[in-house]
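**Student:** Listed below, chain by chain, are the residues.
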Amino acid sequence: MMLRLDHVTKRFGNLVANQDISFSLEPREISAVIGPNGAGKTTLFHMISGFLPPTEGRIWFDGQDVTDLPPTRRVRGGMVRTFQITEIFPELTVAENLRIGIETHMGINARPFVSRATRAEVARRVDALMALTGLSDKADELAGELAHGDQRVVEVALALSLEPKLLLLDEPTAGMAEHETDMMVALIKRLHAERHLTILFIEHDMSVVFGIAQRITVLDYGRVLVSGTPEEIANDARVQAAYLGGEA
Amino acid sequence: MSGPVARTAILREPAPSAITAGIALFNRHRVSVVIWLLLLTAPVWLPLVGSYIQLGSQVLVFALTAMALNILVGYTGYISFGEAAYFGLGAYGTGLFLKFVAPMTLPAVLAGVALGGAAACLIGPLIMRRRGVYFAMTTIAFSQLFYFIAEHWNELTGGEDGLAGFQRHAIDFGIATLPLHDADFYYFVLFFFALTAGIIAMLLRSPLGHTWLSIRENARRARYLGLRTDWYVWAAFAIAGTLAALGGSMEALLNNFTSPQDLYFIVSGNFVIMVVLGGMGTFWGPLVGAAIFITAQDYLSSMTLNWESFVGVLFVVVVLAFPRGILGLRRNGRNGTKRGQSGRDQRVRA
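So the protein lines, in turn, are chains A and B. With my numbering applied, the first sequence has no gaps in its numbers, which climb one by one up to 248 at the end. With my numbering applied, the second sequence has no gaps in its numbers, which climb one by one up to 350 at the end.
For reference, chain A alone in the conformation it holds in the complex (with noise of 0.2 Å):
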């Protein structure tokens, strides 16, 4: 079992903003977690990534339970998340972004010199990462005058460059043209596929949950509604109800 949550809820006062969820993720299993506005996505992954604490219940990842960890403790055990409003560094290129991920994840960022052969090295893995993302044709531009669709990419890298081992997507597309889109989504099929990565993530575009996700699950009211292959959600009547109620 990659992540497991255990009867999580969450209240904010009195609003209750997730509600008993239990849900769990296999190891390799790209999955959805999909629902109107205001049904508790955001918080849901805010408590799996560590920047809010549940009220109740437990998260269990990669066999040890992290409910009580910070966020970089997630981090470092191999759980790495991506935001939704963009968060890179807008004035250093692309290469320059990925090769601080990729020193961070070698732990050598308090080094005051290195030896070329580890120059060597860092170089070789954010040539590898840009290959991998399709950024290497872009790899001396800033990534702050980057087309949105790039940046986000770039961040994607970034997460990949900690070399995770669940990638939490928050809203991947989000404010994305659709040939960005496209691209979005072919990565996220590529890094499942070539990087075998656990992929969790919150999307709107049900296209793009639907060509990706082997499971999907659908919360409504803070709670789960129903969670199933993408066969079984769109055929479900209370999916469809509560997308049609939402979005009258």
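Just so you know, the hints here were simulated from the structure itself, not pulled from any lab data. Be aware that one or more of the hints could be misleading.
To be verified - So, partial list: chain A residues that the calculated Cβ filter (under 7 Å) puts toward chain B:
{"no.": "1", "residue": "Arg-76"}
{"no.": "2", "residue": "Glu-87"}
{"no.": "3", "residue": "Glu-91"}
{"no.": "4", "residue": "Leu-92"}
{"no.": "5", "residue": "Glu-103"}
{"no.": "6", "residue": "Pro-112"}
Stated by the list, open to error - Computed beta-carbon distance windows for the label pairs:
{"no.": "7", "chain 1": "B", "residue 1": "Val-31", "chain 2": "A", "residue 2": "Gly-134", "range": "32 to 42 Å"}
{"no.": "8", "chain 1": "A", "residue 1": "Gly-78", "chain 2": "B", "residue 2": "Leu-204", "range": "22 to 32 Å"}
{"no.": "9", "chain 1": "A", "residue 1": "Glu-56", "chain 2": "B", "residue 2": "Leu-320", "range": "49 to 59 Å"}
{"no.": "10", "chain 1": "B", "residue 1": "Asn-27", "chain 2": "A", "residue 2": "Thr-229", "range": "56 to 66 Å"}
{"no.": "11", "chain 1": "A", "residue 1": "Ala-110", "chain 2": "B", "residue 2": "Ile-23", "range": "29 to 39 Å"}
{"no.": "12", "chain 1": "B", "residue 1": "Ser-17", "chain 2": "A", "residue 2": "Glu-178", "range": "29 to 39 Å"}
{"no.": "13", "chain 1": "A", "residue 1": "Arg-11", "chain 2": "B", "residue 2": "His-152", "range": "50 to 60 Å"}
{"no.": "14", "chain 1": "A", "residue 1": "Val-226", "chain 2": "B", "residue 2": "Ser-17", "range": "50 to 60 Å"}
{"no.": "15", "chain 1": "A", "residue 1": "Pro-27", "chain 2": "B", "residue 2": "Trp-36", "range": "50 to 60 Å"}
{"no.": "16", "chain 1": "A", "residue 1": "Ala-147", "chain 2": "B", "residue 2": "Leu-204", "range": "22 to 32 Å"}
{"no.": "17", "chain 1": "B", "residue 1": "Leu-204", "chain 2": "A", "residue 2": "Gly-211", "range": "35 to 45 Å"}
It should be emphasised that the depicted structure is a prediction, and the values quoted were computed from it without experimental measurement. Even glycine gets a Cβ: it sits at the ideal position worked out from N, Cα and C.
Following the hints, put chain B in place on chain A, whose structure we already have.
**Tutor:** Chain B in isolation, oriented as in the chain A frame:
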């Protein structure tokens, strides 16, 4: 505003080739080559342009310190208005060593660096968690603390009158002696300036330097990568303080004198002005800023008692004309070529 038009023109530049990349590389090094040549020949050409060698030494001393401050201000994104504390402690450490311990110049330099460096290392943990204005205010508070100590501890520091009664001594290398008169003292300072520049260049190429940049660019993101940013800020503060102490030590040797004025927050402000004038986060910016500042000060103070107003006006004009400092051309990604001075309208896009 011509901004949008200029942007379009830039975007339509032809695709870069290996040749333009090569030229850009050469251009980058050409600046350094020219600067080193100018510095090495300064004792020859300074008198020809109506200046003098001591002024050149003074520029180097302040440039060294401003370059150190640039680590913190320009590369890590933390503004310190208290760098004079470590500059002044370096000066006192060297002066006190020469006066009370031994008349040996190099150990005295070490003593100054050790005193200022130790203070920066110890104060670092107390301020590294503060951000922005609070960080700046705390650095001022500590520098004023040292100022008042130096001013009131008459028996040791000479109080308000300053510490006199010491002087730099010739250095005996066995086979030769370096007398440390004006011209060779310039080269003595240039040696330490080069050492500092070398250390900073090395740091900026290292993972530590990359980490500083990431904190400047997006500290929240750096923390989420798992970096304990506070301690990297501490490292920047400690290294900047130690190198500033080296600058202070040179200042004491240059004047054979130091006083609480070297610890005063106005001096800290001057270092910040030099960095901003030349260009925060540019390698040679602080040197250019220091050269302009010292030259203007020297020239204007010979003409008017009110020279500080004119330096202030100069500063305002430069900052309005070059928001990123004189060398502060904004980086453009491709090939390291520089983009023009249109920092403000480029910001809008984000």
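**Student:** Each hint needs a verdict: does it hold in this structure or not?
**Tutor:** Outcome of the hint check:
For Arg-76(A), the suggested interface contact is upheld, since its CB lies about 5 Å from the closest CB of chain B, less than 7 Å. Residue-level restraint check for Glu-87(A) holds (minimum Cβ-Cβ distance to chain B is 4 Å; threshold 7 Å). Contact between Glu-91(A) and chain B, as hinted, is supported at the beta carbon level, the nearest pair being about 6 Å apart and thus within 7 Å. For Leu-92(A), the interface hint holds, since its Cβ comes within 7 Å of a Cβ in chain B; the closest pair sits about 6 Å apart.
With its C-beta approaching chain B no nearer than about 4 Å, Glu-103(A) sits inside the 7 Å limit, and its interface hint holds. With a least beta-carbon distance of about 5 Å to chain B, the hint placing Pro-112(A) at the interface is held under the 7 Å criterion. A C-beta distance of roughly 35 Å is found between Val-31(B) and Gly-134(A), which places it inside the suggested range of 32 to 42 Å. Take Gly-78(A) and Leu-204(B): their Cβ atoms lie about 31 Å apart, and the range 22 to 32 Å holds.
In this structure the supplied range 49 to 59 Å holds for Glu-56(A) paired with Leu-320(B), their Cβ-Cβ distance being about 58 Å. One distance hint, 56 to 66 Å for the beta-carbon pair Asn-27(B) and Thr-229(A), holds here, with the actual separation near 59 Å. For Ala-110(A) paired with Ile-23(B), a C-beta distance near 36 Å keeps the hint of 29 to 39 Å intact. Take Ser-17(B) and Glu-178(A): their Cβ atoms lie about 33 Å apart, and the range 29 to 39 Å holds.
Taken as a hint, the range 50 to 60 Å holds for the pair Arg-11(A) and His-152(B), whose Cβ atoms sit roughly 58 Å apart. In this structure the supplied range 50 to 60 Å holds for Val-226(A) paired with Ser-17(B), their Cβ-Cβ distance being about 57 Å. Taking 50 to 60 Å as the suggested C-beta distance range, the pair Pro-27(A) and Trp-36(B) conforms, at roughly 57 Å. Checked against the hint of 22 to 32 Å, the pair Ala-147(A) and Leu-204(B) passes, with Cβ atoms roughly 29 Å apart.
Here the CB-CB span from Leu-204(B) to Gly-211(A) is close to 44 Å, well matched to the stated 35 to 45 Å.
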